[in-house]
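*Asks:* Knowing the structure of chain A, use the given hints to seat chain B on it.
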Amino acid sequence: MGIHVIKMPDLGEGIAEVEVVAWHVQPGDTVKEDQVLADVMTDKATVEIPSPVAGTITSLGGAIGQSLAVGAELIRLEVEGAGNLSATKARQEPVQSAAPTAPAEEVAEPQLAALAHAGAPPQAVAAAPAPSVSKPVSNPASNPASSRATNPAARPAPQSAVPMRAEGDKPLAPPAVRQRAWDLGVELQFVSGSGPAGRITHADLDAHVEGRRNGAGGGSDERYAEQHGEHATQVIGLRRKIAEKMQEAKRNIPHFTYVEEVDVTELEALRIQLNARYGAERGKLTLLPLLMRAVVLALRSYPMMSARYDDEHNLLTTYDAAHIGIAAQTDNGLMVPVVRHAESRDPWSSAAEIARLAEAARSGRATRDELTGSTITITSLGALGGIVTTPVINRPEVAIVGVNRIVDRPVIRDGAMVARKMMNLSSSFDHRVIDGMVAAQFVQAIRGYLEFPATLFVE
Amino acid sequence: METINTTLLIIGAGPGGYIAGIRAGQLGVDAIVVEGAQPGGTCLNIGCIPSKALIHAADEYSKAVTYAAQESPLGITVDSPRIDLARTIAWKDGIVKRLTGGVGALLKKQGVRVVHGWARVLDGKTVEVTPPAGGEPVRIRCEHLLLASGSHPVELPFMPFGGPVISSTGALSQDSVPRRLVVVGAGYIGLELGIAYRKLGAQVTVVEAAERILPAYDADLVKPVANSLARLGVELRLATQVAGMEGERVKLRDASGVEGYLEADKVLVAVGRTPATTGWGLENLMLDMAGRALKVDSQCRTSMRNVWAIGDLTGEPMLAHRAMAQGEMVAEIIAGKRREFAPAAIPAVCYTDPEIVVAGLSPSEATAAGIDAIAASFPFSANGRAMTIEGTDGFVRVVARKDNHVIVGWQAVGVGVSELAGGFTQSIELGAQLEDVARTIHAHPTLGEAVQEAALRALGHALHI
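Chains as they are written, first to last, in the numbering used here: chain A, 3 to 461; chain B, 28 to 492.
Check each hint, because a few of them may be wrong.
[Claimed, not checked] No farther apart than 20 angstroms at their CA atoms in a straight line, the calculated lysine to any residue pairs in the SDA-like style are these: (1) A/LYS172 to B/ARG428; (2) B/LYS364 to A/HIS204; (3) A/LYS172 to B/ILE401; (4) B/LYS364 to A/ASP185; (5) A/LYS172 to B/ILE373; (6) A/LYS172 to B/ASP430; (7) B/LYS364 to A/PRO177.
Honestly, the hints are just simulated from the structure, not real lab data.
Bound conformation, chain A alone:
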């Protein structure tokens, strides 16, 4: 028997750290060759790690949500034959890995720091964490505050709220308890029994009533019952990436948001005309590709808006191209697929590309290239667009254009009140490199194209 260690693979593009997002095996499991062991995630792409060998899992290299350095030990297996680790090392390492008994976070942090040294030999970083590391993370019921507790195993098992009865079994309670339950308006089927064979005692009933008084149980009027549930969720995977990006954007970029209202009556009329005429063969247009066209045209006058700002090196790169990121909601959270070279696309081509990218993002098949490299971003919540939003810039870009809801509003035209379709654009800019006036002019330019839609096509 030998030990085979699978290391975190190099997923390219200079990535030093990879996050574990799912384990498909547990220690003790027997795995076949090519069986998927884990899902790991880089910036945007999720990669499945298959097993190169058949064997039995002996340890996992980290908890879900933990980032591991490329080259760090990911999984250790016991295999037939020699394995890929020498016998002496194999004997030493479990000793090392068993050593950390300090609080979970304190273990995790130095370990991560050590792991960050790419190329460090695996045995030096004790990559196989002790169970005390993984437990607080893998147990969703654990209170975040208690993740510093020294030994999770020593904590008492949470009192089960559901009685230990097989389904369909009647609650077992003596007549006196039953009568008291009726008097109290308690359904015994919801009371857990602590007596022999799950018999419900007066004390159990007291505990249930006490719990209900504190709002935990079912009262006679559920609508006004106090709620005391707490549900801790480990922020991992894509959600953690989003959190980090949002935090960085807000921490680094002094945002300012400029809102202008746009009369889209003509644009909507045109859109309807175009859809009536070309919808069948070219696909239906939404407002978004038309807005993209307006942005592309406005960028000709304001090229500094299609840019990426490397604030560490004080380097602002502007692009002649318009790689427009389109913020899209997926089941996992926000993703921003990129319509590359929007300046080269007519509205139908843009619409088709948006549809393709949105589908890829939602189904998780978007490639890394399709999710990175935008130079400006448009965010739209459609009918949920609200009146005003304060979009967060997709760092390192410098501008983001937010689309609000279209509403029929009474407006004054030629001294008379008429109904027009009005839509607000809420746009945020990086004030370090974009001045307020430029931003306003940029938005006004977009507005001009949208309000006189012929100018989108006639130049």
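*Replies:* Here is chain B on its own, set in the frame of chain A:
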């Protein structure tokens, strides 16, 4: 017409009705009980109590006959015993009178009015009561109407009650012992009375359509009773139906269609009881039925708001103690308490010789209910007390869940086992495990030791077998 208003009107002063009345009175609910006959219903007047009195008298007489025949191993002999059945019946009537009078007194003590007369339901809140002797009816209006009309013996259409054909009611008021008694139906009523009359000296033949006696009970439980019938000389005609009366002969037809005749001075038809749903305006309410019984929910509510029904009117099991528990519950609900009729077990006793008592599930019923059950029995032949009362035939059996040993049923057959019913039912209601009973000290020498031993045996370590 005089109109009386009340909160709760109870039709029928049987065990269900009078208990509902007493409990309502205790709880301050204004209540009226309507009864056309004596209070106490079938149970006190023409059922449980008088039959048990007659059975006791028959047992005593039977012993004397045994002593006279110089057959008793106890060494007792007497000279030619005689029974004056008229005096026996008078004694029995005395007990009945004392009890029914007691019911009236209890109701009065709780301030419950008893209106003597036959009720006729006009609607869900109005009942007209006509005195039994005729006269001016009174009208009673109520908020809650509790129906507790009970049940009747089932009559065979081709052999109606009358003349030699008697019901259980008639069998309890004979002034002499018939020479030849044919009992139709080998259920518990037919066998209880058939055995009693056999002990009183009648030639008794029991005719039963099913293949065995007491079809409601399992074969093991019935065997000691069958042995006893053979010993007493009660003739059995199983898998045989009665076809009618021809003069003083009962016409029989067996399973293969062969006809025969039995000479009979009296024919006791005891083929079951049916809810008393006709003749008192119940149909005016158009309530939902469940077969021939009134349909009620777990709080004894009928399909009409504030109309309640309890006891035999609501179907099987037609047992006085079930009706009483239901009556008590309905009164409490009307008084504003939250209650439900949810007993863990309703015991049933069969006063044959020997007696049978059951509570909860039999082994086969447990299996049918999807319970992985264990059953163990302890025979009275290994019980000292049983020997001293000449009652070694029979056993106690316990049925429990295999996984957690919670007791789900008890059965016993033997002399005097009816008194075990309380303990049996209590253990089931309390959710007792086999260990609870096995670790309870049972007095020596009593039949109850067999209860403890049955539990011990289910656990694999009975001490006396």
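*Asks:* For each hint, tell me whether it holds in the structure or not.
*Replies:* The hints, checked one at a time:
Restraint check for A/LYS172 and B/ARG428: the C-alpha separation of about 13 angstroms stays at or below 20 angstroms, so the hint holds. The suggested pairing of B/LYS364 with A/HIS204 holds, with an alpha-carbon distance near 19 angstroms, which does not exceed 20 angstroms. The straight-line distance between the Cα atoms of A/LYS172 and B/ILE401 is roughly 19 angstroms, inside the 20 angstroms bound, and the hint therefore holds. About 7 angstroms separates the Cα atoms of B/LYS364 and A/ASP185, which keeps this hinted pair within 20 angstroms; it holds.
Distance hint between A/LYS172 and B/ILE373 is fulfilled; the C-alpha atoms sit about 16 angstroms from each other, no more than 20 angstroms. Simply put, A/LYS172 and B/ASP430 have alpha-carbon atoms about 15 angstroms apart, close enough for the 20 angstroms limit, and the pair holds. As the CA atoms of B/LYS364 and A/PRO177 are separated by approximately 15 angstroms, the hinted pair is consistent with the 20 angstroms bound.
Violated hints are absent here; each numbered hint is respected by the structure.
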